[in-house]
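Those protein sequences? They're chains F and Y, same order as listed. So for the first sequence, full-length UniProt numbering puts the first residue at 1; every next one is plus one. So for the second sequence, full-length UniProt numbering puts the first residue at 1; every next one is plus one.
No wet-lab data here; the hints were simulated from the structure. As the structure is a prediction and not an experimental result, all values here were calculated from the model. All residues carry an ideal CB built from backbone N, CA and C; glycine is no exception. Be careful, since some hints might not be right.
As the list claims (entries may be wrong) - Not close to chain Y: a few residues of chain F, all C-beta gaps over 10 Å, as computed:
1. 48
2. 72
3. 122
4. 153
5. 167
6. 186
Unchecked claim - The following residues of chain F were derived to be distant from chain Y, with all beta-carbon distances above 12 Å:
7. 31
8. 136
9. 171
To be verified - If we take Cβ atoms under 7 Å as the criterion, some of the chain F residues that face chain Y in the derived model are:
10. 30
11. 32
12. 37
13. 123
14. 124
15. 132
16. 133
17. 173
18. 177
19. 178
20. 187
21. 191
22. 197
23. 198
24. 201
25. 203
If you want the building blocks of each chain, they are given just below.
There are 2 protein chains.
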Amino acid sequence: MTTATPARLTAKGAATRARIVATAADLVLARGVGGTSLDDVRAGTLTSKSQLFHYFPGGKSELVLAIADLQMERVLRAQRPFLDTLDTWAAWDGWRDALVAYYGSQPHWGCPIGTLVSELVGTDPAAAAEVVGHMDRWRGLLRDGLGRMRESGLLRADADPGRLALAVFAAVQGGLLLTQAMRSIEPLTAALDAALTALRAAAPARHPAVLR
Amino acid sequence: MTTATPARLTAKGAATRARIVATAADLVLARGVGGTSLDDVRAGTLTSKSQLFHYFPGGKSELVLAIADLQMERVLRAQRPFLDTLDTWAAWDGWRDALVAYYGSQPHWGCPIGTLVSELVGTDPAAAAEVVGHMDRWRGLLRDGLGRMRESGLLRADADPGRLALAVFAAVQGGLLLTQAMRSIEPLTAALDAALTALRAAAPARHPAVLR
Chain F
1 MTTATPARLT
11 AKGAATRARI
21 VATAADLVLA
31 RGVGGTSLDD
41 VRAGTLTSKS
51 QLFHYFPGGK
61 SELVLAIADL
71 QMERVLRAQR
81 PFLDTLDTWA
91 AWDGWRDALV
101 AYYGSQPHWG
111 CPIGTLVSEL
121 VGTDPAAAAE
131 VVGHMDRWRG
141 LLRDGLGRMR
151 ESGLLRADAD
161 PGRLALAVFA
171 AVQGGLLLTQ
181 AMRSIEPLTA
191 ALDAALTALR
201 AAAPARHPAV
211 LR
Chain Y
1 MTTATPARLT
11 AKGAATRARI
21 VATAADLVLA
31 RGVGGTSLDD
41 VRAGTLTSKS
51 QLFHYFPGGK
61 SELVLAIADL
71 QMERVLRAQR
81 PFLDTLDTWA
91 AWDGWRDALV
101 AYYGSQPHWG
111 CPIGTLVSEL
121 VGTDPAAAAE
131 VVGHMDRWRG
141 LLRDGLGRMR
151 ESGLLRADAD
161 PGRLALAVFA
171 AVQGGLLLTQ
181 AMRSIEPLTA
191 ALDAALTALR
201 AAAPARHPAV
211 LR
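Looking at chain F on its own, in the form it has when it is part of the complex:
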C-alpha cells in the first residue's frame, strides 16, 4: 500500500489531507490507534465521512500508515544532522543530546513509532510490517555509522555494528516506553548513556573512546 500523497490531489487537496494526518497523529499519540475512531478523526478535523473516504480510500489502515510516515519524518529530522554521520564519538554524543531534547519536550508520549508497532502487531499485521520497515531504516542509520567507525579504527575489528545498533536502538525504544510510563525523561537519558558506555567499551585499547 502506498502512503504517499495521491497524485490526483490538487495542491489544496494535498494540504487538507496533510492537515487531517497531522491532527489524527496527535489523537493517536494520545489515545492509541485502538482508542481513536474515524469518527474521532472526523470530529477533530471537521471533515465529513465522504471527505475522509476521498482522502483515505483505504480507510483507517491507510490513515495510520500516513501518520507513521509523518511521525518517522519528524523523529528522523530531530536526530539530524548527527544521524547521517555517527562516525565520531562527538557525533554520537550530539545524537544523544538531540534525542533527549526532542523527546524531553514531549515526555508523556513515548516513541510514536514504537507504540504504533506495539499496538498494530496484534490488530493490523500488514500495517505493523510497514511501520517495522521505518524502524529498520532508522536502525540502519545507526548501524551504518558504527560500520564507518569500525572501518576508521574507532571500534575494534571484532565489533559487530549490527548487534551494537540493535542494542542502542533497543535502549531508545525501551527508554521511551519507560519515559512515557513514568512521565520523566530520566529513563531515556539513563538508557542512552548506558548504551553509549557499551559502544565505548568496543573501542580499541590503542585508540580509546573519548569520554565526554
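Chain Y: place on chain F using the hints.
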C-alpha cells in the same frame, strides 16, 4: 481497585475466575486490550455475560488488572531465583539467561507488562498506573541487587544503582519491543548484553568485573 480474587468466591468459583483470566491473558497478548472485547473473552471462555459480570463486577478494567497480576507473576517467576539476589556477576549472567530462555520460548509476544502499559496509558490511565506499579517493583529488584553490589565493592562507590537499574530495565523493555516487532530473540540478547557491559563498566579498577 483490588485485583485479588474476591474473598466471597468458593474454591470452584476462584478456579473459574482464574481460568477466565488465563484465557483472556492469551487473547490480550495476541491482540492487545483494544483488540479484545468482553464478547471475545466470553466466546473464548464459554461464559455468559452475567457470569463474566459476577467474576469481574468492575468490567474490562478489572479483568485487565487481573491479567496484569497474572503476567507479572509469570515474568517474575521466570527470573527466579536470580532476581532475588543479583549481587554477583554470576547472578546477573544467570538472570540474563533466564530472561532470554523465557522470552525465547515466545518471541512474538513482547513483554506482556510493557505492552499493557503502552496501550493503557492513553485509554485507561488508572489501570496504566497500576501496571506501572508492577514495573516499579520489578525494576526495584534490579536496583536492590545493584545496591548490594555497591556495598560489597563490586560496583564503584560513585555508581548510581537507581540509574543503572533504569538503564537495564529499559534494555529489557526495548529489547522485547523489538523482539516482538522483528520476531526474533536477537534484539533482547543484544540489548541485555550491552546493558551488562555498561554495568561491568561501573566495577572498580581494583576489583574488576568478571567477564563471562
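Which hint numbers doesn't this structure obey?
The structure conflicts with hints 3, 5, 6, 7, 8, 9, 12, 14, 16, 25, although it agrees with all the remaining ones.
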